[in-house]
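S.K.: Use the sequences and the hints to build the structure in full.
The residues making up each chain are set out below.
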Amino acid sequence: MKTPARFWLAASVLCCASALLAYDVGDKAYTKKLETNLLEEPKALAHPVAKIDFAAELNVEQVNGAWLLVTTGDNRGWVFAGNVADQKPSADHKTDFLPSSASETTTSIAARPLDDVAKNYGDQKGLGEAKEDVEWVEQQSAQVNDAAVTEYLQAKRLGEYK
Amino acid sequence: MKRGGLAFAVLALAVAVGTCLAQFSLNGFDPFKAAKDVGSLVKGTVGIGLKEENSIGGAVAIEIVARFGGVWKDAAATQRVNLIGKSLTRYCDRQELNFKFGLLNSDTINAFSAPGGYVFITKGLYDLVGDNDDQLAGVLGHEITHVTQRHALKIIERGDMLSGVSDLAAMKSDDFAKFSGAVNSVTTTLFEKGFDPKTEYAADKGGRALAALTGYAPGGLRAVLIRLKMGGASKASAIFPTHPPLAKRIARLPDE
Chain A
1 MKTPARFWLA ASVLCCASAL LAYDVGDKAY TKKLETNLLE EPKALAHPVA KIDFAAELNV
61 EQVNGAWLLV TTGDNRGWVF AGNVADQKPS ADHKTDFLPS SASETTTSIA ARPLDDVAKN
121 YGDQKGLGEA KEDVEWVEQQ SAQVNDAAVT EYLQAKRLGE YK
Chain B
1 MKRGGLAFAV LALAVAVGTC LAQFSLNGFD PFKAAKDVGS LVKGTVGIGL KEENSIGGAV
61 AIEIVARFGG VWKDAAATQR VNLIGKSLTR YCDRQELNFK FGLLNSDTIN AFSAPGGYVF
121 ITKGLYDLVG DNDDQLAGVL GHEITHVTQR HALKIIERGD MLSGVSDLAA MKSDDFAKFS
181 GAVNSVTTTL FEKGFDPKTE YAADKGGRAL AALTGYAPGG LRAVLIRLKM GGASKASAIF
241 PTHPPLAKRI ARLPDE
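Same order as they appear, the protein sequences are chains A and B. The opening residue of the first sequence carries number 1 in our numbering; numbering runs sequentially from there. The opening residue of the second sequence carries number 1 in our numbering; numbering runs sequentially from there.
Bear in mind the hints are in silico, worked out from the structure with no lab data behind them. Here a beta-carbon is modelled for each residue, glycine too, at the ideal position from N, C-alpha and C.
A short, non-exhaustive set of chain B residues, derived as facing chain A with CB atoms under 8 angstroms:
| no. | residue |
| --- | --- |
| 1 | A59 |
| 2 | T78 |
| 3 | Q79 |
| 4 | N82 |
| 5 | R90 |
| 6 | D93 |
| 7 | K100 |
| 8 | G102 |
| 9 | F179 |
| 10 | L213 |
| 11 | T214 |
M.R.: Now the structure itself:
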């Protein structure tokens, strides 16, 4: 009996999904952004029901594709798996985040540009031209800010907008 | 009928293994997590914080650009690399970093990353993947994973190279010498010795997972490696000379 091609296709998709699935019911997950919204439904544009602080522990109650229904304290809602981590981030890292106004950069200001130590290194090593090239990359990169990335994800139906 | 039965048995085993792997990484011992834990311990002992990471990363980025023909200043291509790269980093595990993606003006086929979030790919590699976003995402995911798992910093931490340096910004000559040595240890690894195979395989695995989570085809990186392997001897001998053999990397990545 010949095994139908669609059987193998379905089987390979099942295998892939199984291998890529990072969370299961009963697992712990941790918020990794400064603020993480829990949503009413497993959709990126759903109504937020709670805003959770950095490095909070979440209990996974249900898995729906790449979306997790989680609880923490009295809060319960959906979160995209890419917005949480399977290991708790160090609480010390909270101070490493830039203020949102700085990370949402304009076209001319790069977030965390080359610092004086790196610039001094470039100068002392005679690599001034390379230093200027890196600064050009930083300026170009700064133009692709959070809003532009969100727009791109939505247009391409990627990440939580899939 | 017998063939169908055998095929089903193989499939069932594959599904079971896949499920076990998924759960294994969550509930049981996971060697990659264990490696991360060891890294955290080292960090706690020696202590390369974000400020120092950015200084080292900036200096390494300058060295990468100087070594590979400067930056290819194509605004549209640079924007595309940043859009795909930042889509990936939106879901990476080090949200405190600000990643920057650039292109190197070199026809060789290679990619590099530096601490703090600098990622570069050569024009040669950019041209090779063409308009295939899945493949570009696979390559960028690999480099992003080197940064998020602090692979380069661990070299410095293991050697305790910044021991005794209290304030890099003060730039005392002794401190500059130590800083320069630390940068050199990273660039020597990037340009000459390469990371150990285990580290490269971890970057392959992490990059594939990040690309898939973001919604790109999980097989993008594997497809690039296959294209490189099939490319023949002309450029293949110079491709990723510091990386493990392509065949071994391909074999370790799932076939899909």
